[in-house]
Amino acid sequence: MSRDLTWDGGYNIRDLGGLPAAAGSKIRRGAVVRSASPAFLTEAGWAQLWKHGVRTVVDLTDDGESLPEIAARPPGLNSLKMPLNPVHDTEFWGIWGNRLHGTPLYYRPFLDRFPDRTAEVVSAIAQAEPGGVLVHCTAGRDRTGIIALVLLAFAGVAADDIVADHQLSHDRLRPMFDRLGKPDQEPFIDEALAEHGTTKRAVLHSALDAFDAEQHLRAGGCADADLDALRARLLAPPA
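Positions 1 to 239 (my numbering) are the ones given, in order, by the sequence shown.
Worth flagging that the hints you see were computed from the coordinates, not collected in a lab.
If you're wondering where the values come from, they're calculated on a predicted model, not measured in any experiment.
Hints are not guaranteed to be accurate.
[Stated by the list, open to error] Have a look at the derived ranges for each label pair, beta carbon to beta carbon:
| # | residue 1 | residue 2 | range |
| --- | --- | --- | --- |
| 1 | Lys-51 | Gly-197 | 44 to 54 Å |
| 2 | Glu-65 | Pro-109 | 16 to 26 Å |
| 3 | Ala-194 | Arg-174 | 19 to 29 Å |
| 4 | Glu-69 | Trp-93 | 25 to 35 Å |
| 5 | Ala-164 | Gly-197 | 17 to 27 Å |
| 6 | Ile-70 | Ala-210 | 40 to 50 Å |
| 7 | Asp-228 | Gly-197 | 34 to 44 Å |
| 8 | Pro-74 | Arg-201 | 31 to 41 Å |
| 9 | Lys-51 | Pro-238 | 25 to 35 Å |
| 10 | Gly-64 | Ala-124 | 19 to 29 Å |
| 11 | Gly-64 | Arg-201 | 31 to 41 Å |
| 12 | Asp-63 | Arg-174 | 20 to 30 Å |
| 13 | Pro-130 | Arg-73 | 16 to 26 Å |
| 14 | Asp-224 | Asp-178 | 44 to 54 Å |
[Unchecked claim] Here are the simulated SDA-like cross-link-like pairs (lysine to any residue), alpha carbons at most 25 Å apart as the crow flies:
| # | residue 1 | residue 2 |
| --- | --- | --- |
| 15 | Lys-200 | Leu-19 |
| 16 | Lys-200 | Pro-20 |
| 17 | Lys-182 | Ala-192 |
| 18 | Lys-182 | Ala-39 |
Glycine included, C-beta positions come from ideal geometry on N, C-alpha and C.
Produce the entire structure from the sequences given, and follow the hints as far as they go.
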């Protein structure tokens with residue numbers, strides 16, 4: 001079964017379910033969906049989201065960044081605004097801003113510096129009401145990608161599979177950029193990485209090297225109850 005979700009009007013939407021995880025288990029289908037902004041979803045698209053079982057939407061964008069939504073959200077959908085970027089940390093963004101923000105080069109430095117930011121979001125996912133959780137930023141690639149990386153690493157998904165999932169966003173974003181009249185960002189990302197003698201795949205593998213997701217989340221403030229709830233939400237029992 002494809003993990004891509006073609007909800008009407010939406011972009012870069014896929015279920016993390018089905019990816020092989022620790023001890024012969026898999027990520028549970030419907031547990032967590034990643035996407036670009038759901039602002040383009042039509043009424044039919046929101047109905048598809050609801051039918052898929054999503055009951056909580058976690059928005060990682062900064063205040064004032066949200067796009068106007070085309071259609072109303074279903075009644076009963078829980079919406080959480082949880083900006084991921086520590087925008088006031090000028091020292092960090094002075095190093096990793098501009099061309100490097102928007103490339104995977106800043107992912108591991110972000111994780112090492114701000115475990116509290118990812119832990120807060122992951123705790124909200126773990127403790128969300130029954131049903132699926134949609135996590136999004138604007139493009140569903142970087143901030144969403146960081147959260148997906150942590151979730152999948154915590155669940156024991158292999159680095160190759162985490163990297164492959166991340167790479168899917170690049171092709172799936174082209175239609176959104178076309179709609180917005182913006183250039184495809186992938187050539188600019190590849191150019192910036194080439195200037196540093198690397199590639200997306202290599203940087204992502206480097207970010208995952210020796211990354212202990214459980215230790216990271218505990219350092220950020222996740223309690224045992226959060227991690228137990230996260231395992232229960234993410235992991236389907238072995239077949």
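Against the structure, test the hints numbered earlier, and report the numbers of the ones violated in rising order. none
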